[in-house]
Amino acid sequence: MKKIIECVPNFSEGQRPEVIELIATAIKSVDGVKLLHVDPGEAANRTVMTFAGEPQAVCEAAFRAVDKAAQLIDMRQQHGRHPRIGATDVLPLIPVSGISLEECAVLARQLAQRVAGELHIPCYSYEAAALKDSHRNLADCRRGEYEGLAARMSDPEERPDWGARPFDEQMARTGCSVIGARNFLIAVNFNLNTTDTAVAKAIAADVREKGTPGRPHALQATKAIGWFIDEYGIAQVSMNITDISKAPLHRCFEEVSRCAGEHGVSVTGTEIIGLVPKQVLTAAGRFYLGIDDRPSDEPESTLIDAAVHAMNLGDLRPFSPKEKILEYLL
1 MKKIIECVPN
11 FSEGQRPEVI
21 ELIATAIKSV
31 DGVKLLHVDP
41 GEAANRTVMT
51 FAGEPQAVCE
61 AAFRAVDKAA
71 QLIDMRQQHG
81 RHPRIGATDV
91 LPLIPVSGIS
101 LEECAVLARQ
111 LAQRVAGELH
121 IPCYSYEAAA
131 LKDSHRNLAD
141 CRRGEYEGLA
151 ARMSDPEERP
161 DWGARPFDEQ
171 MARTGCSVIG
181 ARNFLIAVNF
191 NLNTTDTAVA
201 KAIAADVREK
211 GTPGRPHALQ
221 ATKAIGWFID
231 EYGIAQVSMN
241 ITDISKAPLH
251 RCFEEVSRCA
261 GEHGVSVTGT
271 EIIGLVPKQV
281 LTAAGRFYLG
291 IDDRPSDEPE
301 STLIDAAVHA
311 MNLGDLRPFS
321 PKEKILEYLL
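So the sequence shown is residues 1 to 330, counted in our numbering.
Because the hints were derived from the structure by calculation, they are not lab data. Don't take every hint at face value.
[What the hints assert, rightly or not] Keeping only pairs whose Cα atoms sit at most 25 Å apart, straight-line, the calculated SDA-like set for lysine to any residue is:
#: 1; residue 1: Lys-201; residue 2: His-82
#: 2; residue 1: Lys-322; residue 2: Lys-201
#: 3; residue 1: Lys-3; residue 2: Glu-18
#: 4; residue 1: Lys-278; residue 2: Gln-220
#: 5; residue 1: Lys-223; residue 2: Arg-143
#: 6; residue 1: Lys-278; residue 2: Asp-243
#: 7; residue 1: Lys-246; residue 2: Thr-212
#: 8; residue 1: Lys-223; residue 2: Ala-202
#: 9; residue 1: Lys-28; residue 2: Asp-243
#: 10; residue 1: Lys-278; residue 2: Gly-290
#: 11; residue 1: Lys-322; residue 2: Ala-24
#: 12; residue 1: Lys-3; residue 2: Arg-16
#: 13; residue 1: Lys-28; residue 2: Ile-99
#: 14; residue 1: Lys-223; residue 2: Lys-278
#: 15; residue 1: Lys-132; residue 2: Glu-118
#: 16; residue 1: Lys-201; residue 2: Pro-166
#: 17; residue 1: Lys-28; residue 2: Thr-212
#: 18; residue 1: Lys-223; residue 2: Arg-152
[To be verified] Ranges between beta-carbon positions, derived for each pair:
#: 19; residue 1: Thr-302; residue 2: Gln-170; range: 50 to 56 Å
#: 20; residue 1: Met-1; residue 2: Gln-71; range: 35 to 41 Å
#: 21; residue 1: Ala-221; residue 2: Gln-170; range: 34 to 40 Å
#: 22; residue 1: Gly-214; residue 2: Ser-301; range: 22 to 28 Å
#: 23; residue 1: Asn-183; residue 2: Asp-74; range: 32 to 38 Å
#: 24; residue 1: Gly-148; residue 2: Thr-195; range: 27 to 33 Å
#: 25; residue 1: Arg-258; residue 2: Met-1; range: 40 to 46 Å
#: 26; residue 1: Ala-198; residue 2: Ser-154; range: 43 to 49 Å
#: 27; residue 1: Gly-144; residue 2: Gln-110; range: 34 to 40 Å
#: 28; residue 1: Arg-317; residue 2: Ser-29; range: 27 to 33 Å
#: 29; residue 1: Gln-71; residue 2: Thr-212; range: 26 to 32 Å
#: 30; residue 1: Ser-154; residue 2: Asp-74; range: 19 to 25 Å
#: 31; residue 1: Asp-297; residue 2: Gly-214; range: 40 to 46 Å
Cβ coordinates follow ideal geometry from the N, Cα and C atoms, glycine included.
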């Protein structure tokens, strides 16, 4: 079986199309790499790109993208609603076929070492590639965000794993990057019929795994924050699902909807950022058609349509399965 990995870097730029296009061009310049999806967010001032291919080609494309982002994005001028630590904020390698998570972790460490050595951008290694437990969690690597980097550089526990040095002019421009390896993650926003950020934050704290203590319905393998999105004029619960076997998308939708009701608001729809594995939507379709506990010969397209309708995946923009489902693009 051919070895295929996916890379999903997040760049701290979502407002200048010309910059996004130049980074995308850098990725596409490597033979054997397919750019699958580009998802810019103006309010978050952040763009998620998804590309895949054989491991060495993907790592080369990732390096070129980090290099281009460092040339084009000045973190001293960057502002947005999403947590961030650098021009290339986070860059995970994800096993798709023929390769293990552990092998991806080795590649991620090699990439981080190269970025630090050749581009002089300090890097943290996170998730499966973490060199220390205190850097395993992305939120811990981002602690204090970009504005807190100067203070962290002198702390042995806080400074980056690769390329650590006192905060200087170049680091002020590029920030740091967090490079690692993980299994597939779903980034999703649940849209609320309110503009009240406090309500969105309260719902996020109620549903995420590490939130308000003593909650009976906390969702395993989830991280969530609440925010207001100027682009759409609504509040959202923004969630990362780190293990779809423990937290299926439809269960997260149902729990956020239930909790929203307790706060006197409702979920109007769901926005998936980047790509989603087909099984996530077919499982949701089976749940909403009431056939998740028994065999069925329902066509794949019927299951997906049921999921799209039930969770209103086209609430903010049209949802095209051919453009959003990973297997269809590969």
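Query raised in the report: Hints broken by the structure, by number, lowest first?
Result: 2, 3, 9, 12, 16, 17, 22, 26, 27 and 29
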